[in-house]
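Note that the protein sequences, when read in sequence, are chains A and B.
For the first sequence, counting from 1, position 49 maps to 49 in the working numbering; every step adds exactly one.
For the second sequence, counting from 1, position 36 maps to 1036 in the working numbering; every step adds exactly one.
Hints are computed from structural coordinates only; laboratory data are not their basis.
For glycine and all other residues, C-beta sits at the position ideal for the given N, C-alpha and C.
Any given hint could be a false lead.
[What the hints assert, rightly or not] The calculated lysine-lysine pairs, modelled on BS3-like cross-linking and capped at a C-alpha distance of 25 angstroms, are: (1) B/K1030 with A/K92; (2) B/K1030 with B/K1017; (3) A/K96 with B/K1030.
[To be verified] Here chain B is said to cover these stretches of chain A; the calculated rule only asks that three of the stretch's residues, wherever they fall, bring their Cβ under 8 angstroms from a Cβ of chain B: (4) 25 to 38; (5) 46 to 56; (6) 69 to 81; (7) 98 to 111.
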Amino acid sequence: MAERYSSFQPGSTLWLLQRVTAAFLVVTLAFHFFLLHFYNHAPEITLQGSAGRMDVPVYFVTMILFLATAAFHGVNGVYNALVNAGLDGTPKAVVKWGLIVAGLALVGQGIRLAVALAGVSA
Amino acid sequence: MSQTYDRGRVESFGRWKEFTAGMWAWLLHKFTGWVLVGYLFTHIAVLSTAIPAADASPSAIADGADTYTTTLQGLESILLVRFLEVGLLAVAVFHILNGVRLLLVDLGLGLESQDTSFYVSLVLTGAIVVASVPTFLEGAV
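One chain only, chain A, in its complex shape:
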């Protein structure tokens, strides 16, 4: 009989969203690493190069979705790991809202950054 290890309650909405975002992130994270470390090289990064990529609408949208799904997947993963480790009561509520605010702030800052990059006049 196969044993099953997970920090999530199978079948819950958060469990499902964690899987859906995981499937998207498998592709986008691999693409991100390949594009910025193998096709382009990280030591040669410039504002002009980053701005040029962000100026392409499909890349811009993909990066925003990448960040939003990564932020959700990461924050949801941390929350469930802590709940799984016994977090409960008031600390659980504080951590939950702290993580929500941190996740939203991260995505907001990422959008600001993407907009700034896309607006650079090459």
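With chain A's structure known, arrange chain B on it following the hints.
Quick look at chain B alone, frame taken from chain A:
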């Protein structure tokens, strides 16, 4: 058919010799997840130098004298940062491969070969990371 398993507190590392492959997979997935989410916040903070840099003069941007370019190229010139990037690659590749394994398990695929698929994830991670080392250290050593 899978079943939940009362693993006790995995944080009791004193009994690590008793850990099964599934326990190690769970533990490594959790560890790599913590590293990746921590890195994500750091990554956005560093890349945010693009916000003030976007206001630099066109000639400064063309010359690579803006804050974003100098910050990132400065970091990339540090050998330790290059090694940390190799570590990040290892963490990301394992999390991806083990994550695919978990998605397949959730779909009911490969339930009886979970140990094997975990070991395959580890070996593939090692192979990809070793093959990537020359690219990641290029120009730094």
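A quick look at each hint next to the structure:
Taking the CA atoms of B/K1030 and A/K92, the gap is near 19 angstroms; set against the 25 angstroms cutoff, the hint holds. With a CA separation close to 19 angstroms, the supplied pair B/K1030 and B/K1017 stays within the 25 angstroms bound. The suggested pairing of A/K96 with B/K1030 holds, with an alpha-carbon distance near 18 angstroms, which does not exceed 25 angstroms. Taking a C-beta to C-beta cut-off of 8 angstroms, the stretch 25 to 38 of chain A contributes 7 residues in contact with chain B, enough for the three needed, and the coverage statement holds.
Look at the stretch 46 to 56 of chain A against chain B: 5 of its residues bring a Cβ nearer than 8 angstroms to a Cβ of that chain, three or more, so the hint holds. Coverage of a stretch by a chain is defined here by at least three residues with a beta carbon nearer than 8 angstroms to that chain's beta carbons; for the stretch 69 to 81 of chain A and chain B the count is 7, and the condition holds. Given as covered by chain B, the stretch 98 to 111 of chain A passes the check, having 4 residues with a CB less than 8 angstroms from a CB of that chain where 3 are the minimum.
Consistency with the previously given hints is maintained throughout, with no hint failing.
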